[in-house]
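Asker: In order, the protein sequences belong to chains A and B.
Residue numbers for the first sequence follow this note's numbering, so the first one is 1 and each next one is one higher.
Residue numbers for the second sequence follow this note's numbering, so the first one is 1 and each next one is one higher.
Hint data in this document are derived by calculation from the structure and do not stem from the laboratory.
This structure is a prediction, so every number in the text was calculated from the model and none was measured.
Incorrect hints may appear among the rest.
To be verified - Here are some of the chain A residues that sit facing chain B, going by a computed Cβ distance under 8 angstroms:
(1) M57
(2) P66
(3) D68
(4) S72
(5) R74
(6) Y75
(7) G83
(8) L85
(9) V234
(10) V239
(11) F242
(12) F245
(13) T289
(14) V423
Said to hold, decoys possible - Here are a few chain A residues that sit away from chain B, every Cβ distance over 12 angstroms (derived from the structure):
(15) T78
(16) L310
(17) K421
Every residue gets a Cβ at the ideal spot worked out from N, C-alpha and C, and that includes glycine.
Residues per chain, in single letters:
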Amino acid sequence: MQKKFDQFIEAFDRRTGLHTGLQKFLYEEIPASSGWHQVFGSVALFLILIQFFTGIMLAFNYAPTPGDAYSSVRYIMTEVTAGRLMRGLHHWGASMIIVIVVLHMVQVFLWGAYKKPREGTWIVGVILLLLTLAYGLTGYLLPWDNRAYFGTQVTTQIGATVPIVGPYVSRLLGSTGDIGVVTFARFYGLHVLLLPPATMLLIGFHVYLVRRHGVAPGPQDEAKPKKSFFPEQVFKDTVAVFVAFAILFVMAAAVKVPLERLADPTDTSYTPRPEWYFLFLFQTLKILTGVPEVVGTVILPTLAILALILAPFIDRGKLVRVRQRGLAAGIVLLAGLGWGGLTLAAIKGTPPPTAAEQIDFAGPIQWMQLAPMEMAGVHYFHEEHCDSCHNVTPGTPKNGPNLLDTANRHDAAWMTAHFQKNVTNLSDTQSKALIALMQKLTPDNGDVIDSAPDFAQEGAVIFQKNGCPACHKINGVGGVIGPSLNGLGNRRTEAWVVEHFQNPQKMSKGTSMPPYKFANPDMQNIVSYLFTLPDKAPGQ
Amino acid sequence: MSQENNRPTMTTHGATELGTAETYGPTRRAFHLAVIYVLGAIIGLAMAIPTALYLLIPPKPRGRTGWIDAGDISQLTPGQPVEVSFQESRLDGWKLSTEKKTAWVVKEPDNKIVAFGPLCTHLACPYHWEASEDKFLCPCHGSEFSIDGKVVAGPAPRPLDRYVTKIENNRLQLGELKRSIPA
Numbered sequence: 001m002q003k004k005f006d007q008f009i010e011a012f013d014r015r016t017g018l019h020t021g022l023q024k025f026l027y028e029e030i031p032a033s034s035g036w037h038q039v040f041g042s043v044a045l046f047l048i049l050i051q052f053f054t055g056i057m058l059a060f061n062y063a064p065t066p067g068d069a070y071s072s073v074r075y076i077m078t079e080v081t082a083g084r085l086m087r088g089l090h091h092w093g094a095s096m097i098i099v100i101v102v103l104h105m106v107q108v109f110l111w112g113a114y115k116k117p118r119e120g121t122w123i124v125g126v127i128l129l130l131l132t133l134a135y136g137l138t139g140y141l142l143p144w145d146n147r148a149y150f151g152t153q154v155t156t157q158i159g160a161t162v163p164i165v166g167p168y169v170s171r172l173l174g175s176t177g178d179i180g181v182v183t184f185a186r187f188y189g190l191h192v193l194l195l196p197p198a199t200m201l202l203i204g205f206h207v208y209l210v211r212r213h214g215v216a217p218g219p220q221d222e223a224k225p226k227k228s229f230f231p232e233q234v235f236k237d238t239v240a241v242f243v244a245f246a247i248l249f250v251m252a253a254a255v256k257v258p259l260e261r262l263a264d265p266t267d268t269s270y271t272p273r274p275e276w277y278f279l280f281l282f283q284t285l286k287i288l289t290g291v292p293e294v295v296g297t298v299i300l301p302t303l304a305i306l307a308l309i310l311a312p313f314i315d316r317g318k319l320v321r322v323r324q325r326g327l328a329a330g331i332v333l334l335a336g337l338g339w340g341g342l343t344l345a346a347i348k349g350t351p352p353p354t355a356a357e358q359i360d361f362a363g364p365i366q367w368m369q370l371a372p373m374e375m376a377g378v379h380y381f382h383e384e385h386c387d388s389c390h391n392v393t394p395g396t397p398k399n400g401p402n403l404l405d406t407a408n409r410h411d412a413a414w415m416t417a418h419f420q421k422n423v424t425n426l427s428d429t430q431s432k433a434l435i436a437l438m439q440k441l442t443p444d445n446g447d448v449i450d451s452a453p454d455f456a457q458e459g460a461v462i463f464q465k466n467g468c469p470a471c472h473k474i475n476g477v478g479g480v481i482g483p484s485l486n487g488l489g490n491r492r493t494e495a496w497v498v499e500h501f502q503n504p505q506k507m508s509k510g511t512s513m514p515p516y517k518f519a520n521p522d523m524q525n526i527v528s529y530l531f532t533l534p535d536k537a538p539g540q
Numbered sequence: 001m002s003q004e005n006n007r008p009t010m011t012t013h014g015a016t017e018l019g020t021a022e023t024y025g026p027t028r029r030a031f032h033l034a035v036i037y038v039l040g041a042i043i044g045l046a047m048a049i050p051t052a053l054y055l056l057i058p059p060k061p062r063g064r065t066g067w068i069d070a071g072d073i074s075q076l077t078p079g080q081p082v083e084v085s086f087q088e089s090r091l092d093g094w095k096l097s098t099e100k101k102t103a104w105v106v107k108e109p110d111n112k113i114v115a116f117g118p119l120c121t122h123l124a125c126p127y128h129w130e131a132s133e134d135k136f137l138c139p140c141h142g143s144e145f146s147i148d149g150k151v152v153a154g155p156a157p158r159p160l161d162r163y164v165t166k167i168e169n170n171r172l173q174l175g176e177l178k179r180s181i182p183a
């Protein structure tokens, strides 16, 4: 059997040379000092392959046009089996690549492995770093939610500030006016058609150069016997790859990738935040107020990239031990501290996302369709612990009947009597709200009970208690004296609404609305609630 | 491939694990190989299983479609199948699409109403009623069905599929299209 197999391999190799090629590749000799510090290149390559794979998988369920893009991402997240995991791997993998690529560069830098004759390897590496960032920038737009839209708005504006070529960059990105279908198509094309083959070619060239010059030896490696890449170093690489993969997999499974509301260019209350690895640039721009914009957006980043590319030509000294490269370590430390400080300042400086911005649109969102009284009912449902006797999801049966089809079995009068008999101290308001909710529940929307956020429940209770429905409609229910509150987020900012509550006369002259001086957290809750209403009442 | 044998034993920085000099002997080599293959296999499986689920398990159908009105049936004559068309809304992936669909409706001698799916059970070509031959004929591969949907000739493996039906106020309501069982 073994003999047959060997014969087959030999015959195969005579015709293709693949076996000998692989052997040559694997049994490459590497310096004695090689070891754990050199695993990052392999990990980066592995992660890029994971990105290619998960990217292709996502493309199988993704529609690359605005609007459809959002629905299809939501479809992947909520309907497709393992879709959440697949997007999680792609999303967190992107962040992880940045981390690993930077670690890889830091290692090469500290060990001085870019020195003659390996300058080319280093420069190709720097270009690969830039490509990695380009993936991040272009991929950011593809879910087409608010975060994607407003983040990319900033990116393309920055591109436009480049002296001389700025307008052409804008045109290339299709963003001369606002971001729309053209920009989307350009970003998608870059992300899936241009960048992947470019990356593959450059990685090929990078690895070729590594092999051509051999793994950079340490200063005392000359006298020592060489090691074999396989399996000694491959073992270390595999362990590192496995650790990276395990972390990525757990993150993808456990940390849900956010999906915000569908991109809405008229949303004036949205604060865009870049991806974490771009926060330092964002903060640099903030610090550099007073100097021309191009300094922060173009000149400084260009200088930084140039410094990276030129590093091997500036540092031309002889190869020395890592421990003696104090200056290099100092530079890395300074860069790390600078980056960390700027990032931290950026995080502290940006207002935390509002409750409305934090809603996960990849989760159940049917609660947004509830009328305020029904929503208040959800609050009382939890307050009165109705779920100690009743199910609203198909779960283990409880003492009381499942409530999803109550409306088919009982009318309001029956429910009022039921509450009087079984629930002590239920006020008339509470009873009415619960009945409204029961009449709304169907087997298709039972998740509203668990998915409606607390602020929306509280907000609806405040809305009801203060008699707001007498004048205002929400989701088609309420009076017509004041304006309907659906789509309020498109018309006003949250600050405006807060002030309007406190002093209606000042904000809109001639209004008959009395002032409401809500204290926090009531004010926050009702404003957040109003800002999460759908733009249009259901069915309109 | 026997590099470990002809390599001189040499200490790089004193004794390492196992208290021996840092040699690369067959035991360590075998251990390294085992770890490479096992970890590689775990990663492969951890990707292959979700991928298979992702591609092969269809998403749960959402929202139950009710009955679809397929028109008035009081004018039907027994023995004369009629092709009716109707609109059906369907959740197609992430899109709600409305499609025109058809059914062949037959009034049986005992006044029972049957609605056949419009596609041949062989390779899903649309068939039609040939009044002169009193048969449903499929133009693609010559399958023929009798008025009660049974296969009379040709390659079709099973009778015509039927819709679940009910009649309300003389109007035909169509439910799910049930796959027929081979005779």
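Asker: Looking back at the numbered hints, which does the structure fail to meet, lowest number first?
Answerer: 2, 13, 14, 15
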